[in-house]
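Quick note, the sequences are listed as chains B, R, Z, H and S, same order.
Heads up: the first sequence is residues 1 to 354, going by our numbering.
Heads up: the second sequence is residues 1 to 354, going by our numbering.
Heads up: the third sequence is residues 1 to 354, going by our numbering.
Heads up: the fourth sequence is residues 1 to 354, going by our numbering.
Heads up: the fifth sequence is residues 1 to 354, going by our numbering.
Don't take each hint at face value.
Unchecked claim - Here are some of the chain Z residues that sit facing chain R, going by a computed Cβ distance under 10 Å:
| no. | residue |
| --- | --- |
| 1 | F150 |
| 2 | E151 |
| 3 | R156 |
| 4 | D182 |
| 5 | N262 |
| 6 | S270 |
| 7 | I305 |
| 8 | E319 |
Derived by calculation from the structure, the hints in this document are not laboratory data.
A virtual CB, placed ideally from N, CA and C, is assigned to each residue, including glycine.
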Amino acid sequence: MSRYLKTSKDEIGLSPQELVFRGQRKVDEILLRIMDFNESKVEEILIKSATDLQEYLNNESVTWFNVDGLHDLDLIQDIGAALQLDQLLLADVLETNARPKIHEYEDWIFLSLKMVQYNEEKKHFSVENISIIFNDNILISFQEKKSDVFEPIRERIRNQKRTLRSSKTDYLLFALLDTVIDHYLYVLSLFGEKIESFEEVLLDKPDKNIIEKINLFKKELNYIRKGIKPAREMILALSKIESDFIHKKNDVHFKELVNNINQASDSLDSYRELLSDQLNIYHMIISSKLNDIMKFLTIFSVIFIPLTFIAGIYGTNFEFLPELQFKYGYFIMLGIMVIISILMLFYFKRKKWL
Amino acid sequence: MSRYLKTSKDEIGLSPQELVFRGQRKVDEILLRIMDFNESKVEEILIKSATDLQEYLNNESVTWFNVDGLHDLDLIQDIGAALQLDQLLLADVLETNARPKIHEYEDWIFLSLKMVQYNEEKKHFSVENISIIFNDNILISFQEKKSDVFEPIRERIRNQKRTLRSSKTDYLLFALLDTVIDHYLYVLSLFGEKIESFEEVLLDKPDKNIIEKINLFKKELNYIRKGIKPAREMILALSKIESDFIHKKNDVHFKELVNNINQASDSLDSYRELLSDQLNIYHMIISSKLNDIMKFLTIFSVIFIPLTFIAGIYGTNFEFLPELQFKYGYFIMLGIMVIISILMLFYFKRKKWL
Amino acid sequence: MSRYLKTSKDEIGLSPQELVFRGQRKVDEILLRIMDFNESKVEEILIKSATDLQEYLNNESVTWFNVDGLHDLDLIQDIGAALQLDQLLLADVLETNARPKIHEYEDWIFLSLKMVQYNEEKKHFSVENISIIFNDNILISFQEKKSDVFEPIRERIRNQKRTLRSSKTDYLLFALLDTVIDHYLYVLSLFGEKIESFEEVLLDKPDKNIIEKINLFKKELNYIRKGIKPAREMILALSKIESDFIHKKNDVHFKELVNNINQASDSLDSYRELLSDQLNIYHMIISSKLNDIMKFLTIFSVIFIPLTFIAGIYGTNFEFLPELQFKYGYFIMLGIMVIISILMLFYFKRKKWL
Amino acid sequence: MSRYLKTSKDEIGLSPQELVFRGQRKVDEILLRIMDFNESKVEEILIKSATDLQEYLNNESVTWFNVDGLHDLDLIQDIGAALQLDQLLLADVLETNARPKIHEYEDWIFLSLKMVQYNEEKKHFSVENISIIFNDNILISFQEKKSDVFEPIRERIRNQKRTLRSSKTDYLLFALLDTVIDHYLYVLSLFGEKIESFEEVLLDKPDKNIIEKINLFKKELNYIRKGIKPAREMILALSKIESDFIHKKNDVHFKELVNNINQASDSLDSYRELLSDQLNIYHMIISSKLNDIMKFLTIFSVIFIPLTFIAGIYGTNFEFLPELQFKYGYFIMLGIMVIISILMLFYFKRKKWL
Amino acid sequence: MSRYLKTSKDEIGLSPQELVFRGQRKVDEILLRIMDFNESKVEEILIKSATDLQEYLNNESVTWFNVDGLHDLDLIQDIGAALQLDQLLLADVLETNARPKIHEYEDWIFLSLKMVQYNEEKKHFSVENISIIFNDNILISFQEKKSDVFEPIRERIRNQKRTLRSSKTDYLLFALLDTVIDHYLYVLSLFGEKIESFEEVLLDKPDKNIIEKINLFKKELNYIRKGIKPAREMILALSKIESDFIHKKNDVHFKELVNNINQASDSLDSYRELLSDQLNIYHMIISSKLNDIMKFLTIFSVIFIPLTFIAGIYGTNFEFLPELQFKYGYFIMLGIMVIISILMLFYFKRKKWL
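With these hints in hand, go ahead and build the complete structure from the sequences.
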C-alpha cells in the first residue's frame with residue numbers, strides 16, 4: 001500500500017458522518033484517562049466506559065480526557081453521545097489518514113495533526129495521528145496507540161501549581177501542541193546530524209551506498225514534510241482564530257507555536273536542500289574522478305600504442321626487412337621509442353592533461 | 001491530436017452561445033435519470049424527453065436530474081428550454097474540454113470539473129468531464145457517458161433518511177464533489193503504490209525500462225494535474241461563494257472538500273517530486289556504475305599494456321638482440337613483468353582506485 | 001536584431017507623445033474598414049481618409065473601425081484628430097513592440113496584445129501586435145497588416161441578429177479578444193501535437209536532431225509566452241475594471257476570457273515542462289546507452305587483453321624458453337586461455353555486468 | 001573587492017547621518033548645472049557654489065539642478081544647507097552602493113536607482129548610481145560622473161514648449177526615469193542579440209569557449225538584475241505614492257514606467273532562461289557526441305581485438321603448432337577473421353549501434 | 001550535534017516559563033554594563049548585581065543595560081526580578097537557539113536575532129544570538145559572550161551630542177540593529193570576494209578541490225541564511241509595529257533597516273545562485289574535457305588498431321605465407337599502413353572530430 005496516501009476503494013462516496021476506522025489497529029485495549037484539575041486539586045483516574053465521563057462535564061475545573069486507541073467504534077460512539085459531539089466531528093477523529101486540519105464547530109474546536117516520534121531502542125521513527133477536541137472546560141485528545149508523549153505535561157500538571165493548573169483548556173492545548181512540535185524539532189535534529197555526517201563520506205569515498213542513504217533520507221524527509229507543512233497551516237489558522245475558547249492572554253504562546261513550527265519547517269527545507277546539494281556534489285565528484293581515470297588511461301594507452309605497433313612491425317617475418325640486419329637496429333628502435341614517449345609527454349603537458 | 005489541449009481551427013471566433021459538442025461521442029444513447037426526494041419519499045425514474053422534467057420543476061422536494069451523454073444537441077437544447085437555462089450555460093455544459101470552473105448565473109450556479117476514474121478490469125484510468133448546474137431545488141449533473149460513479153450516493157439517498165434526504169441541493173452537491181475527489185485520492189494512491197515500488201528496481205537493476213516507466217508516470221501525473229489543479233481553484237471559489245443556494249450549515253462540508261482536494265494536490269506534488277528524485281537517483285547510479293566499469297577497464301588495460309609491449313619487443317626479429325641469448329632472459333623478463341604489475345597495483349591503491 | 005526585445009538607441013529619451021512607428025512595415029497600403037451596426041442594420045464601407053470617419057462619431061449605432069497597417073504617420077495623426085484622441089494614446093497604438101497592457105484614458109480605454117497566428121500554407125506561425133481603443137459607441141482596432149483573423153466576427157455581425165448586433169462595443173471587444181485567445185489555444189494545440197510526438201522518437205532513436213527540435217520548440221514556446229503571460233495580466237485587469245464602457249451583463253463573458261487565457265497559460269506551462277522532461281529523459285537514455293556500450297567494450301577488452309598478452313609471451317624469440325619445447329605446449333596455452341575467459345565471465349556475472 | 005556587494009569594515013556602526021562618500025571618485029571636477037524653465041522661458045547656467053542656488057529656490061518656475069560627481073563632501077554639505085535638506089537625505093545621496101529605494105521625507109521625496117549604460121566605443125557597459133530629490137518646484141539629480149544620458153531631455157526642454165515645459169517636476173521626473181529605463185531596455189536588447197547568436201555556434205561547434213561566454217553573460221545579467229529588480233520595486237512604490245508633488249494627471253505616465261520596467265524585467269528573465277537552456281542543450285550535445293565517439297571506438301576495437309588475438313596465437317613459437325603446417329593455414333585464418341568481423345557487424349546492427 | 005538545528009530530548013514538553021540555558025557557555029564571567037545618557041550627560045559603569053539596576057529604572061534618561069554571557073541562571077533571574085520582567089520573556093532571552101523573532105509584551109518589546117561576525121585573526125566567522133528587550137526608557141541587550149561589536153555605538157554616545165543622545169531607546173535600537181545588519185553585509189561581501197575569485201580557477205584548472213570549496217561556501221551561506229531570512233521577517237514586522245516605544249519620527253530609520261536587510265538578503269541569494277552556476281559550469285567544463293580526451297584516445301587507437309593488426313598478421317609463423325616472400329613485401333605493407341592512416345584522418349575530419 002502506498003505510504004504517502006492511504007485510501008481504499010471502499011471509502012469512495014461514503015457519507016462524511018459515517019464512522020469508519022480507516023487506520024491500523026495499533027493497540028490491544030483502548031485506554032481512557034481523565035485528568036481533572038484546577039489550581040487547588042488534581043484528579044487522575046482511568047475510566048472504563050464513556051458514561052463515567054458524565055460527572056466531569058459540568059464541573060468548573062479543567063478536564064483532560066485522553067483516549068489511546070481508536071479501533072472500538074462503539075466506544076467512540078458512546079464517547080460522542082456522552083459529550084454530545086456532532087457525528088461529523090467523530091468521523092473527523094476516526095479519519096487518521098487525513099491531512100492536519102482545524103475545524104470550528106458550534107460548541108467545539110477540532111484539530112488534528114501528525115505526531116512524529118523517534119524510538120530510541122528500535123532506531124526508527126514513527127508517525128501517528130493525534131486529534132484534539134476542546135471547548136472552554138474539556139479537552140479530549142485521541143491517539144492511535146498508548147504513548148508516553150504527553151507524560152511530561154502530566155508531570156507538570158501534577159507538580160506545578162503555576163500556569164497550567166491556573167489556566168483553562170487553551171493553555172493545556174498549547175502545552176500539548178508545543179510538545180508535538182518539540183518532537184518535530186528533535187526528530188529533525190537527529191536527521192540533521194546524520195545528514196551532515198554524509199558530507200565527509202561523500203568527499204572521501206563516494207560510492208553507491210551513500211546515494212542510497214541520501215535517497216532514503218530524502219524520502220523520509222518528504223514523508224515527514226507531509227505532516228509538518230499542513231500542521232504549519234493549521235497552527236497558523238489556530239493562532240488567528242477568534243474563539244471564546246482561546247483567551248487573549250495566551251496569544252503570546254500561540255505565536256510561539258507559530259515560531260517553533262516555522263523553525264521546524266525552515267530546518268526541514270534546509271536539510272532537503274542539503275541533501276540535494278550533496279547529490280549534486282556527488283555527481284560532480286564522480287564526474288571529476290571519471291575524468292581523472294580517463295585521462296590516466298588515455299595517456300597510458302596513447303604512449304604505448306605506437307611503441308607496441310613499432311615492435312609489431314619488427315616482429316613480422318618478411319624475408320627482406322633491411323632494418324633487422326642493421327647491427328644496432330635493436331638499439332636504434334629502442335631509442336626511437338624513447339623519443340616518441342618523450343614527445344608524447346610534452347604534448348600532454350601542453351594540453352594540460354598532466 | 002494533442003492530449004493536453006484539444007481545440008480545432010473551426011472553433012475560432014464562434015459565438016459563445018453557439019452550441020457545439022466538441023468532445024467525443026462516448027455513449028450510444030443518452031440516459032436521463034431523475035431522482036426526486038425529500039425526507040419522506042424517494043422517486044426514481046428514467047425519462048425520455050425533456051418535457052417530462054416539467055412536473056419536477058416547481059415541487060418542494062430536491063430533484064437530481066442526471067444526464068449521461070452529451071452528443072444529442074437537440075435534446076440538450078430541449079433540456080435548456082424546459083429549465084429556462086441561459087444559452088451560455090448550455091454552451092458551458094457542452095464544452096467538455098474546458099478548464100474546470102465555476103460561474104454564477106442569475107438563477108443558477110454552474111460548475112465543471114474532471115472526473116478521474118480507474119477501470120479495474122482494463123487496468124487503465126479514464127478522465128471525463130462533469131458539469132453541474134444547480135439552484136436551491138434542482139441539481140442537474142451532466143456526464144459524458146453512463147457511469148456508476150454516483151451509485152453510492154443514490155444508494156445513500158435510497159436508504160438513509162439522514163442528512164442527504166433532509167437537505168437541499170447544496171448537500172447533494174457536496175456529496176457529488178466529495179465522490180469525485182475521493183476518486184482523485186484513490187487513483188493517486190494507486191499511482192503512488194506503483195511509483196514507490198520503482199525504488200527497489202532502481203537500486204537493484206537500473207535500466208532503460210525503468211526510465212520509460214518513470215517517464216510514463218510523470219506524463220500521466222501531469223495529465224491528471226491539469227484536472228486537479230484548476231478543480232482545486234474551483235472548489236476554493238465554491239467554498240467562498242456567497243449564494244442563496246449554499247446554506248451556512250453546510251460550510252463545514254465545503255471546508256472538508258477544500259481539505260480533501262488539498263490532500264490530493266499535495267500527494268500529487270509529492271509523487272511528482274518522488275519521480276524526479278528517482279530519475280535523479282537513476283542518473284547517479286548510472287554514473288556511479290560507469291565509473292566502476294571505467295576504473296576496472298583502466299586498471300586492467302594499464303597493467304597489461306606495458307607487459308604486452310615488453311613481450312612485443314622480444315618478439316622482434318633483430319639479428320642482434322643480446323637479451324635473447326641470455327640464458328635466463330625469459331625468466332628475467334617474466335620477473336620484470338611481475339614487478340611492473342605490483343608497482344602498478346601499488347600506484348592504484350594510493351590513487352584510491354582499488 | 002534581438003527577437004525577444006526590440007528597441008533601438010534612437011528611442012531613448014523621446015517624449016512619450018512623440019509619434020514614431022517602431023515596427024516593420026508589413027503592408028503596402030493601409031486599409032481603413034468601417035462596420036457600423038445596430039440591431040436593424042449593418043453598414044460596411046472602406047474609407048480613404050480619416051475625415052470620412054466624422055459621420056459615424058455621433059450616431060447611436062456601434063461603429064467598428066479597423067485599421068490594417070500603421071506605417072503612415074500622417075494618416076494615424078489624422079485619425080487621432082478626427083476622434084480627438086490623446087497624443088499619448090496614439091503613441092501607444094504605434095508602439096507595436098510594447099508589452100500587452102491596458103490603460104484607462106478619460107474618454108477611452110486602450111488595450112493591446114499580441115496575436116499569434118498559424119499560417120497553414122507557409123507552415124510557420126506569426127506574431128502581430130493588435131491595439132484596441134474603445135468607448136461606448138466606437139471601437140477602433142489597429143493591426144500591423146491586413147489579415148482575415150476577425151472575418152468570422154464580421155460574418156457573425158452580418159448574419160446573426162443576436163447578441164453581437166444588439167450589444168454595445170463591450171461585447172464586440174469580448175468577441176475580438178475571444179478570437180485572439182482562441183488562436184492562442186489553437187497554435188498551442190498544434191505545438192502540443194508535435195511535442196507529444198517527440199516522445200516516441202526519443203525512446204526509439206535518440207540523436208542530436210531531436211535535441212535540436214526540442215530546443216527549437218522550447219524557444220518558440222518561450223517566445224509565445226512573452227505574449228501570453230502579460231496578455232493574461234491584461235485580461236485579468238480588464239475583467240476587474242470598473243468602467244462605464246463595460247456593462248455588468250457582460251461580466252460573464254469577460255470571466256470566460258479569463259478562464260480561456262488561463263487554459264492557454266496552463267497548457268503553455270505544461271508543454272514547457274514536457275519539453276524539459278523530454279530533455280531530461282533524453283539525457284538519461286543517452287547515459288544509459290553509454291553505460292551499455294562501455295560495459296560491452298570493457299568485457300570484451302578485459303577478456304582478450306590477458307589472452308593476447310599470453311600469446312605475446314610465447315611469441316618472443318628467447319633462445320631458452322622451455323614451454324615452447326613441450327609437446328602439447330600449444331594446447332596447454334589454449335586450455336589456459338579458455339579457463340581465463342571462463343573465470344572472467346564468472347567475475348562479470350557476479351558484478352552484474354552481464 | 002566583491003562586485004555584487006561593496007561594503008567595508010569602516011562603515012559598520014556609523015551614524016546614518018554621517019556623510020561619507022563610499023563610492024569611487026569617477027570625475028575630476030564636480031559640475032553643477034541648473035536648468036530653470038517654465039512655459040515662457042528656459043534658463044541654463046553652470047554654477048560654481050551652492051550659494052548661487054538661492055535665487056532659484058523660491059521662484060515659480062521649475063528648477064532642475066544636476067550635480068555630476070559626489071566626491072567633494074563640503075560642496076554636498078553646502079548644497080544641503082542651501083536647500084535645507086535633512087542630513088539623512090544627504091547621506092542617502094552619497095551612499096552610491098545602496099539598493100535602489102524611495103523615501104518620503106517631510107518636504108522632499110528621495111529616490112535612487114542604477115543607470116545601466118552601454119559605451120559604444122569601449123564595447124562595455126557601465127553601471128552608475130543616480131539619486132533624485134524633488135519637491136513641487138525643484139528637482140535635484142545626482143550622478144557619479146558627468147554623462148550625456150539626460151541630454152535628450154535637455155534638448156526637449158529647450159525646443160518643445162509642450163508637456164515638459166508646462167508641467168511641474170513630476171513630469172520631469174517621469175522623463176528622467178523613462179530615459180533610465182529606456183537604457184535598461186536598450187542594453188538588454190544588445191545582450192539579447194548576442195545571446196540569441198550563441199545558439200548557432202552551440203549546435204554547430206560546441207566547445208569550451210561558448211561555455212565561458214554563456215557563463216560571462218549569465219554573470220553580467222545577474223549583475224544588471226541586481227539593479228533592475230529593486231528599481232522595479234521602487235518604480236512600483238512610486239506609482240502608488242500619494243504625494244502632493246505627484247499630480248493626478250501624470251498617473252498615466254507613471255503607469256507607463258511600471259509597464260516599461262516590467263518589460264525590462266521580463267526580458268531579463270527570458271534571457272536568463274535562454275542562457276540556462278543553452279547550457280542544458282550544450283550538455284546534451286556534448287553527451288550525444290561522447291556517445292557517438294564511444295560507439296565508434298567500441299565497434300572498432302571490438303572487431304579488431306579478437307582478430308589481433310588470433311594473429312598473436314599464430315605468432316607464437318611453439319615447436320609443435322599443427323595449423324602452421326597446413327598448406328592453406330594462412331588463408332583459412334584470414335577467412336575466419338572475415339567471418340568473425342561480419343558476425344560482429346551483424347551483432348552491432350541488431351544492437352542498433354550502427 | 002547538528003549545526004543547523006540544536007535541540008535535545010530533555011527540552012521536550014518543558015513549560016515555556018522554565019528557565020534553562022540551552023546554549024554553550026561561551027564566557028567565564030558575566031559582564032553587566034550600564035550606559036545611562038541624555039543630551040547633557042553620559043554615565044558608564046559596570047555593575048556587579050542586578051540590584052544596582054534599581055536606580056536607573058525610574059530616571060528620565062535613556063538606560064542601556066548590556067549583559068554579556070547568559071549561563072548564570074540566578075543572575076538572569078535577579079535581573080528579571082529587578083526589572084519586573086515576565087518569566088516568559090526571560091525564557092525567550094535564554095533560548096539562544098531559537099529563530100529570530102519579535103514579541104510584544106505588555107510593558108516591553110522583545111526581539112532576538114543572530115549576529116554574524118568575522119574574526120580577522122582566526123580567519124573564520126562566528127554566529128551569536130542577541131536578544132534585546134526595551135521600553136521607552138530602558139533597553140537591555142543580551143549577548144552570549146563579551147564582544148566589541150557595539151563599541152562604535154558606545155563611542156558615538158560618548159562623543160556625539162546629536163541624534164543618539166537626544167533620542168529615546170528606539171533610536172538606540174535602530175543603531176544596534178543597523179550595526180548587526182552592517183556586519184551581515186560585511187561578512188557577505190567577504191564571502192562574495194572569495195566566491196567571485198573561484199571563477200578564474202574554475203575556467204583554468206577545474207579539479208576536485210574547487211568543488212569542495214564551492215560546497216563549503218554553499219553550506220556556509222545556507223547557514224548564514226538561516227539567520228538572515230527570519231531576521232528579515234523580524235525587521236519587517238518591527239518596521240510595521242505600532243507601539244508607544246517606537247516614535248513616528250524614526251520611521252525613516254526603520255525603513256532604512258528594511259532596505260539594508262533586503263540588500264543582505266538579495267546579495268545572499270545572488271551568491272547562492274553564483275555558486276550553483278559555478279557548479280554547473282564546472283560540470284560543463286569537465287564534460288567538455290572528457291569529450292576532448294575521449295576524442296583524442298579514439299582517434300589514436302582507431303588509427304593504430306588496424307596497423308598493429310596487419311603487423312600481427314605478418315608476424316604469424318605459417319609455413320606458407322606468400323606475401324612474406326615478396327621482395328618488396330615489407331615496403332608494400334608500410335605503404336598500405338600509410339594509406340590506411342590517411343583515410344582514417346580524412347574520415348575523422350569529415351566527422352568533425354579533428
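Now for the hints, and whether the structure bears them out:
The beta carbon of Z/F150 comes within 8 Å of a beta carbon in chain R, closer than 10 Å, and the hint placing it at the interface holds. Taken as an interface hint, Z/E151 checks out: its beta carbon lies about 8 Å from the nearest beta carbon of chain R, inside 10 Å. Hint on Z/R156 holds. Least Cβ distance to chain R is approximately 6 Å, under the 10 Å limit. For Z/D182, the suggested interface contact is upheld, since its CB lies about 4 Å from the closest CB of chain R, less than 10 Å.
At about 6 Å, the closest approach between the beta carbon of Z/N262 and any beta carbon in chain R falls short of 10 Å, and the interface hint on this residue holds. Hint status for Z/S270 relative to chain R: holds, with the closest Cβ pair at about 5 Å, below 10 Å. A cut of 10 Å between beta carbons decides the hint on Z/I305: the least distance to chain R is about 5 Å, and the hint holds. Taken as an interface hint, Z/E319 checks out: its beta carbon lies about 6 Å from the nearest beta carbon of chain R, inside 10 Å.
The structure agrees with every numbered hint stated previously.
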